[in-house]
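Sequence order for the protein chains is A and B. My numbering puts the first sequence at residues 1 to 280. My numbering puts the second sequence at residues 1 to 530.
Hints were generated in silico from the structure; no laboratory data involved. Errors might be hidden in some of the hints.
Stated by the list, open to error - Here are the simulated distance ranges between beta carbons:
id	chain 1	residue 1	chain 2	residue 2	range
1	B	Glu200	A	Arg236	28 to 36 Å
2	A	Leu255	B	Pro414	36 to 44 Å
3	A	Arg180	B	Pro293	56 to 64 Å
4	B	Pro414	A	Met118	26 to 34 Å
5	A	Leu27	B	Lys34	56 to 64 Å
Just so you know, even glycine gets a beta-carbon here, dropped at the ideal spot from N, CA and C.
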Amino acid sequence: MRAPAFLGRLWRTRALLWGLLVAAIALLSLCGPWVVAHDPMAMDSTSQLLPPGRHHWLGTDPFGRDILSRLVWGGRRTLGVAGAAVLITVGAGLLLGLLSGYFGGAVDEAIMRVVDVMLAFPGLLLILGLVAVLGAGSKALAVAVGITGVPAFSRLVRSAAMSAREELYVLAALAVGCRRRRVITRHLLPNIVGPVVAFATVQFGWAILNASATSFLGLGESPSVPEWGSMLNLGRGYLRAAPWVSAAPGLAITLAVLSVNMLGDELRRLFDPALRWQGA
Amino acid sequence: MVRRKRLLLGILVAVIALLPSLAACQAGDAEPQKLVYGLTLIPSGIDPHIHASSELGIPLSNVYDTLVYLDPETGEFVPGLATEWSVSEDGLVYTFTLRKGVVFHDGTRFDAQAVKFNLDRVVDPATGSQKARYMLGKLDRVEVVGDHSVTIRLAAPYAPLLDSLSQVYLGMASPAAVDKWGKAEYQFHQVGTGPFKFVEYIPGDHLTLARNPKYKWGPELLRQVDSSVDEIEFRFYEDPSTRTIALESEQAQIMGEIPPQDAGRIDQAAGLALHPVAIPGQPLQFFFNLSRPPTDELAVRRALMYATDRETIVETIFGSWSPVASGPLSRVTLGYVSDFEGRYLHDVSRAQELLEEAGWMDSDGDRMREKDQRQLVIELYHMGWGMVPEVVQMIENDWAAVGAQVNAHLVSYPAALEAARAGDHNVIPFNLFGTDPAQLGSFYTSGGGFNFSHVQDAELDELLGLAAASQDLPQRLELYRQAQTKIMEQALVLPIRDYVNLNASSSRVQGLRFDARGWFPLLSEVQLED
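Only chain B is shown next, with the shape it has when bound in the complex:
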């Protein structure tokens, strides 16, 4: 009896062991090529017209085409779904000629009506767009001129419009699919015209894309090759320490945001490749709050800047992969100026001098400064991601060395935003990414949505306002240079490091490139070698 059971068990084991190879035999050469791409956080929603997450663009910029594209090599706008465009003299009217013969994944035809439908959807308050609608400036209306011609009219000039239209947040979705599924459900059934079709999204588990065999209208940077992968499954690796391990064990072939301490190992590993991509936008930076003592004093802000040993912080935490930041924009951003590279270099005695001149003394010998019975205490609110807690520890150490005590509060993202709006903080880290310097507007103007410095400066408001409206590039850049100079002179922000996204892949992955924004992969050409 026992023996027969053993025999049965043996057969069972053998059958199970053989099953995969049997299946493989049947599929033969036609077996679809599949790739696993590791994402780093679970977005709260993935409809690019509605949600603001950067993570959603990683898969979806391969599902949607945009009217224009920004070429990462040249920095020029190139045709996408629009073959030609023109801007009126006053910067208010943009006219686009659309590509013919483009079809959405569900078979709907792409035309001028579809463009109007998409932009109307974005600005409709009922859509509740968190990001896309703010990328359109003061949109007046969208007019269908002909079957393949469309006009966007603005109420005020808005220079970054083309940049906006080249991003996935203003990607073109199938009107039929949007109508069919409705606002809440559409994000699970997205339909675009891009090189990959949206197959399935199970929040927190996976998102699958399949190759769009009909894709012929892509720009040069999104061209498809015959051997490109058939299917891409995106999975979530929220814990940074698991990402490298997932690559090494071949659970995933591409991975974003590798922790810097693992990058060196990947760079040297035989079967792996590191792809560092510099991200345009703002560096990792800490805003000083001007509305709360003691950071309302310019001398204190400047002293804290001098007290911070940025070189050592970056070297210690980010290794050699990120450059030290010097101003409000990172090196690879339009409008970056190198004027501040030698400014605010680590200088403890300068910091101490500044504080003493401002009346901050250590009179009771506790190595912490005080003035008018008040201790020099800095309330610092921060989030737990992106090595920020590590940076905060080093800042605490640096500032204590000049007699400033830091009260660090580790809080959730919503709590941090709340603290920043209420002005409970002296210092808070925050930044956005983007290729256009127009982003400075929401951080440094009095009414800006991310005015975490609580700065009220008429001159700065005017400079940034003019710059955002200007159509003349050299003039724009000059205005942004002046604005940045003012920001750094007023010591509104402490820049730490330029972001460099450390992507990694198996060396079998070929043809992986990234878009002009650095975050989003261009996957149409990606192949998996055996």
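The following block holds chain A by itself, in its conformation from the complex:
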């Protein structure tokens, strides 16, 4: 894959556009806490449920807290949980998928049956179950969402590894006496990195959604700690009286998930040889 051609395609697809949007959201959440004017936890009984205006750009919630500040701080936590979850998913998924795909046979059988059992549960149910065991809180939530993503991810890695396993260059590497570890890390892994990156991106969107859903249900941090999901839940009761309370976190989740998913889609096109020339 020559670099100029890749960059050219990158430019022609919309990956860059969505990527920039994702980067902007991430940057805002990361640096925002130093930029926003208000304390996200400070209640003020004199400024409750103010509509968006000059002092509070996105208005205030029923406790008089500034929604923009909470949104930014909440983004940090929500995206942080989702990011940590994806790292767990990718780490465990790669390990299991590569082992399964490379060795096949009994190893594959054992890993895939466990994966099948986990896939039998709906995602959110599995997350709720894990949170019930691990206890509420950001760390537990990240672990639960991360583990729940592992089965599908390891499936993907496995099938990619299995097809790469039969490629001539792998057979050649084995024939010249490369050790298994070297074959896996130097020959298999680089050749499946495309779909892995694309899927991990989509997984990130999924993790944002599920982390938010779980905190919406009240299983994240305590409700005073800003999180997009719990902010949305708070706003739900004020949908008619003060729609901005739920609109801000709702739109934030939508925008974040949408742009991450679109980026994932574009990346998939970019890396998938079959789709390589379509629409590019």
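Given chain A's structure and the hints, the job is docking chain B onto it.
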């Protein structure tokens, strides 16, 4: 071909569109008047003798009559199925003369035998009553004296007995129907003597009542009028944010527990009416656990009381609809005393002083206090309903301001009860409703079933024990005053707001009233104007 299909489709659409009006023509004027009443949670069971849910009483207090009624206007007991009653000098024997000519919805005659059957059913351990049996005190036995005369004998005096007998949980069910359906099935086929007959209950979906045309024996407060509605369907609106919308879109005509943030809009809306009803019993309150540090220290409990800005909490979350609570009973409850109204007003410096005197200092500058290497951390368990999570957020904020960190745990109801019994909590919200102060007994005596403060106080046990047994009202009230003073001095409970049930209805609904307990509607007189 295409055209013919279109024609057929057109005819079909026209027929479907006309069907309802055709049906209406046939029914003519005799069309039964039907009303939809929105309930707010799905009870786990609805047999009032067995289950404890408050929600079940909303429909069923219109299906069952009780021996006596508590008049919401006067606060006096008035005749119901019993026309007269007398209590013996020692408070152990209650004799009731029963009304004649009363018939259950299934045609069974109501008599002394039926009363005995019902009370025996309630106390029978096999029935597994969760609430009703505890409302009878130490019941010795029920004796049939004559066809229409019955005697209730107690093993110990129990002053709230009449209050208990005026509640749906001790309503009179048809012995024939109870025997026919058995314990598990009876709740789906309930038969009483009230103004409405039980038609159908599909759990989680609907419960239907139909007017009882033979109802002539009701007390004044349950009288029927000719134009009262024929059928009432109860539906469930568990999500508070859907309730106002259901009223506005006329899916329902009456709705309970409107969220406070919607109340103002309903109050001002043209086609809707708001009915705020103050609920007697205990306010929304948080118990301090005396068996777990740091709330085992009186100074800490008092400091947390002073640190809580109740006025602002109530104003922010409940608006102007609920009064700020000051003691263990709400204003409209028998035995309420106003002694505590000026106590524990928001005073941050007082709270800080108390904590410092008790040795809780912030020595490491993290704005949280500690003493003997222990942080001032408060474990707070709470449930997710009734705006409690919102209140908890504000309490967290208030307490952090004086250097106490709150660990809030949002848990399910059974988990909260479990935590409260085990004593894992420092603070937990809980309350019951009821018109009689006897309810304080189960919360503040050492052996009480809801002793979530884990209080062991001989003096309090004695005061509450004497009060529950006393037949002399002024003496009873004095005992309860002393008990409440002790409760507040010991800072066992942090009261937040008196409950006011915000009911709402379409303005077409006329004649809607509520019983003395505030939760249960008296539906016999309800009419639907066109």
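Verification of the supplied hints:
| no. | hint | verdict |
| --- | --- | --- |
| 1 | B:Glu200 / A:Arg236: 28 to 36 Å | holds (32 Å) |
| 2 | A:Leu255 / B:Pro414: 36 to 44 Å | holds (39 Å) |
| 3 | A:Arg180 / B:Pro293: 56 to 64 Å | holds (57 Å) |
| 4 | B:Pro414 / A:Met118: 26 to 34 Å | holds (28 Å) |
| 5 | A:Leu27 / B:Lys34: 56 to 64 Å | holds (59 Å) |
Violation of the numbered hints given earlier is absent; every hint is satisfied by the structure.
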